[in-house]
Structures are given as structure tokens and as C-alpha cells.
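Participant: Given only the sequences and the hints, what does the whole structure look like? Please build it.
There are 2 protein chains.
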Amino acid sequence: MKKRYIMSPGPVEVPPSVLSVGGLPMIHHRTPEYRKALSEVTEGLKYVFQTKNDILIFPSAGTGGMESAVINMCSPGDKVLVAACGQFGERWAKIAEAFDIIPVKVFAEWGNEVDYTKVEAELKANPDIKAVFTTLSETSTGIENDIKKLGGIVKGTKAVFVVDAVSGMGAVEFKTDEWSVDVVVVGAQKGMMIPPGVAMVSLSEKAKAALALSKTPKYYFSYVEALKALKKDKLPDTPYTSSVSLILQLRESIRLIKEEGLENVWARHSKIATAVRAGVSALGLKPFAKGKPSNSVTSIWAPEGIDGDAVNKKIRDEYGITMAGGQGKMKGKMFRIGHLGYVDRFDAVIGISAVEMALTEMGVKIELGKGVKAVEEELLRK
Amino acid sequence: MKKRYIMSPGPVEVPPSVLSVGGLPMIHHRTPEYRKALSEVTEGLKYVFQTKNDILIFPSAGTGGMESAVINMCSPGDKVLVAACGQFGERWAKIAEAFDIIPVKVFAEWGNEVDYTKVEAELKANPDIKAVFTTLSETSTGIENDIKKLGGIVKGTKAVFVVDAVSGMGAVEFKTDEWSVDVVVVGAQKGMMIPPGVAMVSLSEKAKAALALSKTPKYYFSYVEALKALKKDKLPDTPYTSSVSLILQLRESIRLIKEEGLENVWARHSKIATAVRAGVSALGLKPFAKGKPSNSVTSIWAPEGIDGDAVNKKIRDEYGITMAGGQGKMKGKMFRIGHLGYVDRFDAVIGISAVEMALTEMGVKIELGKGVKAVEEELLRK
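Chains as they are written, first to last, in my numbering: chain B, 225 to 606; chain H, 225 to 606.
If you're looking for bench data, these hints aren't it; they were derived computationally from the structure.
Mixed in with the good hints, there may be bad ones.
Note that identical chains are pooled: a pair holds if it fits in a single copy or bridges any two copies.
[As the list claims (entries may be wrong)] Each computed BS3-like pair below joins lysine-lysine, with the alpha-carbon atoms no more than 30 Å apart:
#1 Lys379 <-> Lys606
#2 Lys557 <-> Lys458
#3 Lys303 <-> Lys260
#4 Lys514 <-> Lys379
#5 Lys557 <-> Lys382
#6 Lys537 <-> Lys458
#7 Lys303 <-> Lys439
#8 Lys318 <-> Lys303
#9 Lys318 <-> Lys458
#10 Lys557 <-> Lys430
#11 Lys329 <-> Lys439
Facilitator: Dropping the structure here:
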């Protein structure tokens, strides 16, 4: 008998009450009953996103949601700015290039935050930039970007501001309207705490104006069609079949977030993340983040002579905890502890305890219990 | 206390054992455990599709699966043939046009099968046609097309043969390889009996050759990337996050199909569909299908002076059964009884009984029990 834990930066563990909804009988997506549920979900998401904007939901992975933003906001030949600091930020540029959209690449060194100064300079130098794409929580490096600052920079330009909040929404502070974010893309399996398979997108009025100009060919991900369906009646609808089970699970997870209160959810993530980081420091391990560390995932350099993937594999296969290794060019060089969604204090304890035991077994000189002590101290700090 | 039934042509009722998998804890999609499950699913789907071809799975509605076939098989400016006989067949042409691909529209009158003779003639007249798109079971009209015959026609040409089997696969006879179907697109929530949210696509060698020539811009739905991930290791993987809960449910539903045996599944659907049609006839109602009626859905003209949507609404809101109304230009003129997936003999009894009672309540002269009698007689026929 081995207990299983997920401490990856997504998919995350799904809360029991959300899981149980996944086992309920199907209902048809074109019925008033379902459309009422969809209405509760789109309204509830406005609270989580902190927005008055319309929110569209597509059966898709988060990457499909990112693609949808590119193809609905831009046209072939458009110049856009991609402010990246890791694997997922850089993906914006790959998607743009796939659709003949030209990215001005403001790529920071991995481990840093986005280069805000350079973003501002490039926007001034290129007033024809149609959109700025960036990432809230860069999962590959464990960095949280200052979206408020970027929003302030982009606001005064003609560009729409698009944020991949896939792995931050519902975990770290995010204020769509106050921070002037025009398009927010969110996934299911992170802070929203449901199984993967739906992407959510919010659209400001500025985004809708850009949408009207977009000439990129599209069908399935057309925001025009999705907005039509959303608005066509008293209750929202979707152009194509909605992900019934995931949407009903999302309704329950939003209920949990509302019940706890969004500020409390953010504070909980901050507390647990701070505790994990304290544990990492106490063990003398080197955090990968040089910029502001994300409250959803902590990235740690593998100790000298140790393969990061081996740490990850040992913890998964022997201890039953799925964490994450390094991505892209960081493969083998780091391991990552996810702490977002359905997490509480003992996840920090378990995560650091696993690292202590695994590294000890792998021959790294670690004082057993020292990391956990630091975690507990941080958890007890008022 | 009102029992609820789904007798729509999708989403269908999900079998209890498949539902229960929907309530199980999450597992991470990059683990050997999950990839083994994905491997069982892709192998199991080969049995259901009756193919040796590779099968790709995308988090998406069925329409996204259709789009993926268009954008991966064709390039802007290509000429294609769309052999349609209803709403879903005609959608192929809309998708093609959205991507600047030029459809030769061979549209049959709704209620008929696809015009095979005209397809053959157009293919002869237009040897530059790159792909032929059609529909196995046209859900909007309740027609089943002769895919075997079409496969024979397309086989000798340079065109790839693409079939929307979204609402037929796992319900009606379908033999991908024997019938020379190059690309098969299937949805989750029909014969595959899981909640909506994933699209499956099989690719022949001829399809892979067409893929290599495709210049339509794409990213999320790229078959090249999906094939790379499928083949990169001993176990299949996906380029972006997989729909974990739905894939695990799919594994269970495939197990159920294997346990019953595919030929028995087809025979069961045929038996129930025949019984439903016998009930419709006995009540003096007019079937909409003039061509071969589909074994997954029966479409019925609303009686003189009766709104088809009102029949549907009454049966849903008062009796608890979700059937379907008319789609597109048939809205209000018909109602449809779905009988695919998790259906057995008493679904035929209940469906026809509901129609008898609803039409009687609506003032139509119906002899109560006459339809059900015909259903029972048909069910008892050896």
C-alpha cells in the first residue's frame, strides 16, 4: 500500500468534492439545466479572474487556449511582442511564428523575471506592435512576473495585453481589470483544481476591437462564434459540444474558491510557498529563481553531481510523489515542487521531507529534519 | 423524484463503471503509469476503429477533430470534395472555406444518403481534388452513409478519404482499413460512451503522405507534433497536457466494448434501432430518413400541426428524457431519438412509450401501446 501524492505544477490533486462530481451521470449540453450550470461557471470565473469581461471556455489543453488568443487577436504579418522568461513564455513566439505573425522576442535569461524595461523600450521603438504576450507564473523556472507593472506599460499603447495565467490563476494574486489585462488564458488542471481538458479565456473591450480586425484563418477557436453562442439567449451556450463533466467539476471547484475567499486562497498559497522555500534554504539547496519566486511552484538546482531527473524519479517511483523535473534546456539540471490548488500545510512538510530523504539516499550530505523544521517554523509564523 | 434518461444522439449516457473512473484521483500525464494507460487506449482504439493506423487524441470537441483533419491534410488553395447530406456533412465545407480551401460541394437533399454517383463523377472531372470529406452517421437527419462504397470510389484517386465517424464509431459497422478510410475523426460522447471533450483521429500512410505536403498554418492540432510525441519513446505521449480523466474513462469504455465484442455491439445497435423504427411505423409517424436510416439515431417528422421542438421539450421537461429536436433548417419540424452507446432493449421501449404519451397529451390521435407492442415484437424476433 503506497499513498500517492501529486506535487507537480499541474495537473494538481483534485479536491474530493470535485472528484465526486466527475462520477455523476451525464447531462446534455443543450438543456436549460446544463446552460444554467455554464452560466454559474462563467459568472464564478469572473470572480476568480477579478473581471467584468466575458469569459469563453473551450474543450482544449492550455496550449490550445494560447493559440486561440494568438489567432483571434492578430493577423498574418502583424508584429507582436513576446515577453518571456522560460519555456512557456517562449511558446507564445512559436505559436505566433506558426501563423506568420512576427514576434519581437524579449526573452529574459531563465530564472529571471521578464525584462520590463526592455518591453517598454521595444513598445516605444515599435508603435506598430499589435499585441504583447507574457506569462503570469512561468512554470518551467518557478518565476512570477509583475503583471501589474506590465499592464501599466502596455495600457497606454495600441497593443492588446495577453497573459498566460494557466498556472497562476486561482493560486497567486491576479486582477484582470485593475491591471488592464485584455486577454487572460487559463487552464483547468492548475489553480482551478479540475482534471485537464478545458481552456478559459477572458476578453476586454480592447480585445474585442482587436478581434474584429483579426484575419487569421480559424474555425474551432473562433471567439466571434463563441461570443455569439455566449450571448444568444438568456443563458450561455457554446458553438460546439461543451466538456460537460469538466464544466460541472469546475462549478464545484469555483464554489470551493468562493467559500474560502480569493484573498485567503492567495494567502494560503503564499504561506505554503514561503514555507517550502524556507525548507529548501535550510537544506542548503540552491533555488533556481533569481527573480520573484512563484507561489505555485519552487524550482531547485540539483545538487552538484546529482541528476535532477533522478531525484524526481526516485521521489515518484519509490515514495509515490509526482513532482517535476527540469523542462527544455533545464532537463536534468533541476527538480521542481508544485504547490498550487488543493494544497495545505502538510504538503509543504511532505514535499521537503521527501527531498531530505531522497537526497540523503542519493548520497548528498543533508541534515535530516532540518528542512522540515524550517517549514514548520515558517508555517507557525504569524 | 424523477428518473433522468438521455436519448440524444450525444452526449449519451455514460455506463456506471465508466462514470466511477471519472471520480478517481488525478494522475500526472508525464508518468509511466499514465502513458501506459494512454498506450492501452490507443491500442484499444485500433480494435474499435478496425485499423492498424496510428491514432492521435486531442483535448477538443469533435468539431476541433474535424478542423484538425482539414488543416493537416490540405493547404490553402487546395480543391477538396465534400460529400454531405446534412448539417454535420456541410460543416466540412464551412471549415474548409475558413482555411481558404475550396470545397466542391456534393450536397444531397437532407434525408437522403450522400450522392455516390455524383461523388464519382466529380472526382473524375476534378483529378486535382486533394481530399474527400464525408460523414458516417449524419446525426442531423439520421442517415447512415455507405462508407465502404465511397472508400472504393476514392481509393483509386490521389485524394485522401476523410470520414467524420464522430457519431457512428462504436455503434455501427465501420472498418477503417478494409474500407480504405485514410482519416477517421471520432468524438468521445457518442458510441465511445465517455463525457465530451476529446477527439480521436486515425491516419493511414496515404494520409501521412498528404500531411507532409500540408502548408495550412497550425500549432495545437499539428499531427506532425502529435505523431512525434506518440512515437518518441516506448510509451505514447502527447505534445500538450492530455485529458487525463477522460482518457482513463475511455480505457474503461474500450474495455466494455472489447468484453461485449465489436460485432455484438454493432448487432445490439442494429436490433434496438430496428425496434425503435418499428415503433415509429406502428404509430403511423413519418420517418425523416429516405436513405438508409442510421442505427445511432432515428429522426421523425413532427405530426401535422405539431412543433417538433415542443415534443422534445415536453418529453424532456415533463418525462425527464433528453431526446433531440431538429437542427439547422429542420428546427421545429422533427424530433430525434438517439440510441447509441450505453443502450439496451428497454431504452427502445421507454423511448417509444414517451413518444406515445407525449403525442397523446398534445392531442395527436395515437393508439397508446401500439408502438411499444411493435417494439417488443421486433425485440423478440430471432
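Participant: Hints first: check each against the structure and report whether it holds.
Facilitator: Hints and how they fare:
no.: 1; hint: Lys379 <-> Lys606; result: neither (37 Å within a copy, 73 Å between copies)
no.: 2; hint: Lys557 <-> Lys458; result: between (53 Å within a copy, 24 Å between copies)
no.: 3; hint: Lys303 <-> Lys260; result: neither (40 Å within a copy, 42 Å between copies)
no.: 4; hint: Lys514 <-> Lys379; result: within (27 Å within a copy, 59 Å between copies)
no.: 5; hint: Lys557 <-> Lys382; result: neither (40 Å within a copy, 49 Å between copies)
no.: 6; hint: Lys537 <-> Lys458; result: between (51 Å within a copy, 17 Å between copies)
no.: 7; hint: Lys303 <-> Lys439; result: both (14 Å within a copy, 21 Å between copies)
no.: 8; hint: Lys318 <-> Lys303; result: both (14 Å within a copy, 29 Å between copies)
no.: 9; hint: Lys318 <-> Lys458; result: between (39 Å within a copy, 27 Å between copies)
no.: 10; hint: Lys557 <-> Lys430; result: neither (41 Å within a copy, 42 Å between copies)
no.: 11; hint: Lys329 <-> Lys439; result: both (22 Å within a copy, 24 Å between copies)
Violation of the numbered hints given earlier is confined to hints 1, 3, 5 and 10; the remaining hints are satisfied by the structure.
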